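Read off the chains here:
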Amino acid sequence: MSSDTSIPTRTAVRIGAGAGYSGDRIEPAVELAEHGALDYLVFECLAERTIAIAQQARRRDPDAGYDPLLDARMRAVLPAAAARRVRIVSNMGAANPRAAARKTARIARELGLNHLKIAAVTGDDVLDVVLRSQLRFEESGDDVSAYADRIVAANAYLGAAPIVGALAAGADVTLTGRVADPSLFAAPLIHEFGWRMDDWRALGQATVVGHLLECAGQVTGGYFADPGCKDVPGLARLGFPLGEVSADGAVVVTKVAGAGGMVTEATCKEQLLYEIHDPGCYFQPDVVADFTQVRVEPHGSDRVRVSGGRGRARTDTLKVSVAYVDGHIGEGQISYGGPGALARARLAIEIVRDRLAMTGVRASELRFDLIGVNALYGDALAARHPDPYEVRVRVSGRAQHASEAARIGNEVETLYTNGPAGGGGVTKATREVIAVQSVLLAREHVTPVFEFVEAGDETA
Amino acid sequence: MKLRELAHGRTGDKGNTLNVSVICFDAKHYAHLRAQLTPARVKAHLADVVKGDVLRYELPLLGAFNFVLRDALGGGVTRSLALDAHGKSVSSALLDIDVDAPPAP
Numbered sequence: 522m523s524s525d526t527s528i529p530t531r532t533a534v535r536i537g538a539g540a541g542y543s544g545d546r547i548e549p550a551v552e553l554a555e556h557g558a559l560d561y562l563v564f565e566c567l568a569e570r571t572i573a574i575a576q577q578a579r580r581r582d583p584d585a586g587y588d589p590l591l592d593a594r595m596r597a598v599l600p601a602a603a604a605r606r607v608r609i610v611s612n613m614g615a616a617n618p619r620a621a622a623r624k625t626a627r628i629a630r631e632l633g634l635n636h637l638k639i640a641a642v643t644g645d646d647v648l649d650v651v652l653r654s655q656l657r658f659e660e661s662g663d664d665v666s667a668y669a670d671r672i673v674a675a676n677a678y679l680g681a682a683p684i685v686g687a688l689a690a691g692a693d694v695t696l697t698g699r700v701a702d703p704s705l706f707a708a709p710l711i712h713e714f715g716w717r718m719d720d721w722r723a724l725g726q727a728t729v730v731g732h733l734l735e736c737a738g739q740v741t742g743g744y745f746a747d748p749g750c751k752d753v754p755g756l757a758r759l760g761f762p763l764g765e766v767s768a769d770g771a772v773v774v775t776k777v778a779g780a781g782g783m784v785t786e787a788t789c790k791e792q793l794l795y796e797i798h799d800p801g802c803y804f805q806p807d808v809v810a811d812f813t814q815v816r817v818e819p820h821g822s823d824r825v826r827v828s829g830g831r832g833r834a835r836t837d838t839l840k841v842s843v844a845y846v847d848g849h850i851g852e853g854q855i856s857y858g859g860p861g862a863l864a865r866a867r868l869a870i871e872i873v874r875d876r877l878a879m880t881g882v883r884a885s886e887l888r889f890d891l892i893g894v895n896a897l898y899g900d901a902l903a904a905r906h907p908d909p910y911e912v913r914v915r916v917s918g919r920a921q922h923a924s925e926a927a928r929i930g931n932e933v934e935t936l937y938t939n940g941p942a943g944g945g946g947v948t949k950a951t952r953e954v955i956a957v958q959s960v961l962l963a964r965e966h967v968t969p970v971f972e973f974v975e976a977g978d979e980t981a
Numbered sequence: 010m011k012l013r014e015l016a017h018g019r020t021g022d023k024g025n026t027l028n029v030s031v032i033c034f035d036a037k038h039y040a041h042l043r044a045q046l047t048p049a050r051v052k053a054h055l056a057d058v059v060k061g062d063v064l065r066y067e068l069p070l071l072g073a074f075n076f077v078l079r080d081a082l083g084g085g086v087t088r089s090l091a092l093d094a095h096g097k098s099v100s101s102a103l104l105d106i107d108v109d110a111p112p113a114p
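Quick note, the sequences are listed as chains A and B, same order.
Each number in this note's numbering comes from the position in the first sequence (counting from 1) with 521 added on.
Each number in this note's numbering comes from the position in the second sequence (counting from 1) with 9 added on.
With the rest of the complex left out, here is chain B (with noise of 0.2 Å):
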């Protein structure tokens, strides 16, 4: 299934640095979402977007991850050619990524 079913995010930009938030509709798929997604496969799934390393902060309160792209805005929102400068649309792609369905309760 889609990470889309499991969680919502957002994306924000700071400098060369995106962050997005990835927060699940119900917390109690925080531990599988834990698991399935790690740095690696966020840096993978985003391979044209993510130039430096992917960092992961957890919120168990919230239910929610927030990851931390470095090297990910073309030099930054301020100088960058692309089009989607601030990279607002990177969250709508992170949330395509293919999860497990989590475990029957």
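Here chain A stands alone, though its shape is the one from the complex (with noise of 0.2 Å):
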């Protein structure tokens, strides 16, 4: 692959996945920074509207809105990874990445790590020029201007560029906000190889090392057992993976020797497929990347080779994640069992959809599901299977205030002493539901910047 002017300084990167999602186990991390001679450890930790969540927390309090586990995180992970050398790169930041770096000064300095230097990534938060600019829902189409009121953020998936500027200003650890999850991981790789960012080949192939490793356990044997069809070795001690990426963007995929969980061709397929709708133009910030030739070869006991990645020149725009408040749910569920259960259980449902009209509660969609029987897949599939011998009801709905929602839990309660014989193990739950759709916005509207943060800096 074409390079920079400079000369790489590694033939070689090792960087591992410590988490994928918010609330991912931490001890695998801790394995990984300790035994998988690291230069690198990510940690992907934001989901679609993780972000609207934590915007509504920093809202409450200015140095809240970063991941609620990035203190016990970072508690267990910094001194194996100062110790070793290995840099931290992590969207825990999630709403708030100078208040997430700041914290972590503080942590740093109380385990005696004054040394590290702690960045933050910012400028993904881009809802003033979303609720200033006339854009409209790639979902919907609907005008974005219509849901004004009810926006509670609006993040634009920055690229791999203010990541790799952090790093080459020695950061060892660089907090972010939204970014997109693969270049989470690319920015280590452009980093250390020197590649251009117009390099398309080398970003398509960083690409497929990032969505390999960003879902953590998923590429291990996670999200995978099926047994006596695919069996997964130690699954409740699941290793997370890492990848040895050579200068031209090749991955072998592996994990530290003895943990649990395994990493096959098999494995690594499922998740290179995984969210991914045209294989040949996944979109990113930082290239269209094409999986098409990708090739994925044994290398060895629990090391699998994937390469081949391709891309082409990245868009002009960037996805921008608009986050609203789209009314309640309310939620009640009741299980019926033994001879009849299954009959008992449609007759429950027949009386709450009966009592929900009767009393008038205002929801303007309602699903009445039989888990154990359709709640998955619908009645077309559960009709060619034999009746269960345990059914739990469950009845949702969508209201516009959570009063209302809450009378839907109500009347699947009311079943107790009203209902059929039997019914037991009644559970009701209302949430408000934070709902997000996507808008395409010029990258020209979007600035990442990257700074470094003291412990005692002040609340920005």
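Treat each hint with caution, since some may be false.
[Claimed, not checked] Below, simulated BS3-like cross-link-like pairs (lysine-lysine); rule was C-alpha separation at most 25 Å, straight line: (1) B:Lys23 / A:Lys840; (2) B:Lys97 / B:Lys11; (3) B:Lys11 / B:Lys37; (4) B:Lys23 / B:Lys52; (5) B:Lys97 / B:Lys23; (6) B:Lys52 / B:Lys97; (7) A:Lys751 / B:Lys37; (8) B:Lys37 / B:Lys60; (9) B:Lys23 / B:Lys60; (10) B:Lys60 / A:Lys751; (11) B:Lys52 / B:Lys11; (12) A:Lys949 / B:Lys97; (13) B:Lys97 / A:Lys751.
Hints were generated in silico from the structure; no laboratory data involved.
Keep in mind it's a predicted model, so treat the numbers as computed, not measured.
Work from the hints to combine the two standalone chains into their complex.
Have a look at this one:
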């Protein structure tokens, strides 16, 4: 692959994945930091609407709005990472990367790691420009302005560039808000190998590397096991993956020796296609990646080599996730068992359906499920299979206000004393819905930056 | 026979769209499954799940297909009323589809 005029300083980079989502296990990340001989440890912790929930927390407290497990993760991994010079990159900054960086700097000081340089990447928050612009949602085609009073967050998917900047300036820990997940992994590779930001082939393969690693345990045997058909050893102590990336971008995916799970061609292929639409045209902020020529080959025990990712020039726009309040969901569940369980569960549903109509519950959408029968796939597939011995009724509905949504679960609960025989184990809940749709925003409206943060810095 | 005997797969979500990969255990079954697993058959099998179109992308080097199922997540993961709002379980139902046994070599 083409490279910058400077000679790459490394022939290989070892990069680990310390989390695949916000609530992920922490010990596998510590195991990687201690035993992975890593150069980088990347934590991907930001799901589609996580940042909107974090934004609401930040409104209540200007020092809040970052990942709730940041404190626990940093205390667990910083000592090993600092001792072994493993640099950390993460989007745990969520809605407040500066506060996350300040918190990390304080933790580092408490641990006696005063030399660590902590960077925050910002610029993804584009709420103001989205509210000022004439934009339409990609999914619904609706005018964004029609949602203006309900929008709580708008964040652009940044690329690798600001992280590369922070790494070049010496950051030991780089905390971001919304960044495209693969770019978290591409940035260390771009920095170490000196790839140009228009080397589309290199950036396409970097996207492959990031995509394979970003969900952590999903490439080492998590979300894979199917007993008797696809068996996986040691899932309770599943090892998280690390990639040995060479200067041409080819990666060997593996895990720490002795860790649970497995790395096979099959686990890598499943993860390669996870959440992909057109594999020849995977839009990223840094590149339009092409996975159609990717090769997945065995390379030893728990070692799989993946190469052949390509790419084309990036687009002129960035994807922006816009989060808005979308009413409330109310839900109730109750179980029936033994002979006739299914008939009693169906009767329960008819009663609740009548009651919601009779008492005038204003729900814009209602759903009635028989868990164990039709909740996952509907009635057509269920009809081919025998009746279950236990079945759980689930009623859920959408209402504008929480008090109205709560009436749905209440009508399930009253089945205890008013419904079919033997109904037990009622649960009920209501929650506010933060919905997300996306818009495309011209790059010129987005200005990613990084800065170094000290433990004592004031709240911005 | 069931597809599950010849292939494995995984579901992913994005907005109101699902993707389900189908990956041959043995790449020699790719052409056979290509003929069997048309987008129309997949849509018919998952009729209660997919409200929109089904697209099939082909990845012969991987011995795999990627099915993209539009309007399959109750309006989108973030607002769906469904028990499995992400549609994580859908790959298991697709692998239950009946396919002809591959021709003898």
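Verification of the supplied hints:
Using a Cα cut-off of 25 Å, the hinted pair Lys23 of chain B and Lys840 of chain A holds, with the two alpha carbons roughly 13 Å apart. Between the alpha carbons of Lys97 of chain B and Lys11 of chain B the distance comes to roughly 20 Å, so the proposed pair stays at or under 25 Å and holds. Of the supplied pair hints, the one linking Lys11 of chain B and Lys37 of chain B holds, its CA atoms being roughly 17 Å apart against a limit of 25 Å. The straight-line distance between the Cα atoms of Lys23 of chain B and Lys52 of chain B is roughly 18 Å, inside the 25 Å bound, and the hint therefore holds.
In summary, the hint linking Lys97 of chain B to Lys23 of chain B is supported, as the alpha carbons are separated by about 12 Å, within the 25 Å threshold. Of the supplied pair hints, the one linking Lys52 of chain B and Lys97 of chain B holds, its CA atoms being roughly 17 Å apart against a limit of 25 Å. A distance of roughly 19 Å separates the Cα atoms of Lys751 of chain A and Lys37 of chain B; the hinted pair therefore holds under the 25 Å criterion. Restraint check: the Cα-Cα separation between Lys37 of chain B and Lys60 of chain B comes to about 32 Å, which exceeds 25 Å; the hinted pair is violated.
With a CA separation close to 15 Å, the supplied pair Lys23 of chain B and Lys60 of chain B stays within the 25 Å bound. For the given pair, Lys60 of chain B sits about 30 Å from Lys751 of chain A by alpha-carbon distance, which is inconsistent with the 25 Å threshold. For the given pair, Lys52 of chain B sits about 17 Å from Lys11 of chain B by alpha-carbon distance, which is consistent with the 25 Å threshold. Restraint check for Lys949 of chain A and Lys97 of chain B: satisfied, since their Cα atoms lie roughly 23 Å apart, inside the 25 Å limit.
Between Lys97 of chain B and Lys751 of chain A, the direct Cα distance comes to roughly 17 Å. Compliance with the 25 Å bound is thereby established for this hinted pair.
Of the numbered hints given earlier, the model fails hints 8, 10; all others are met.
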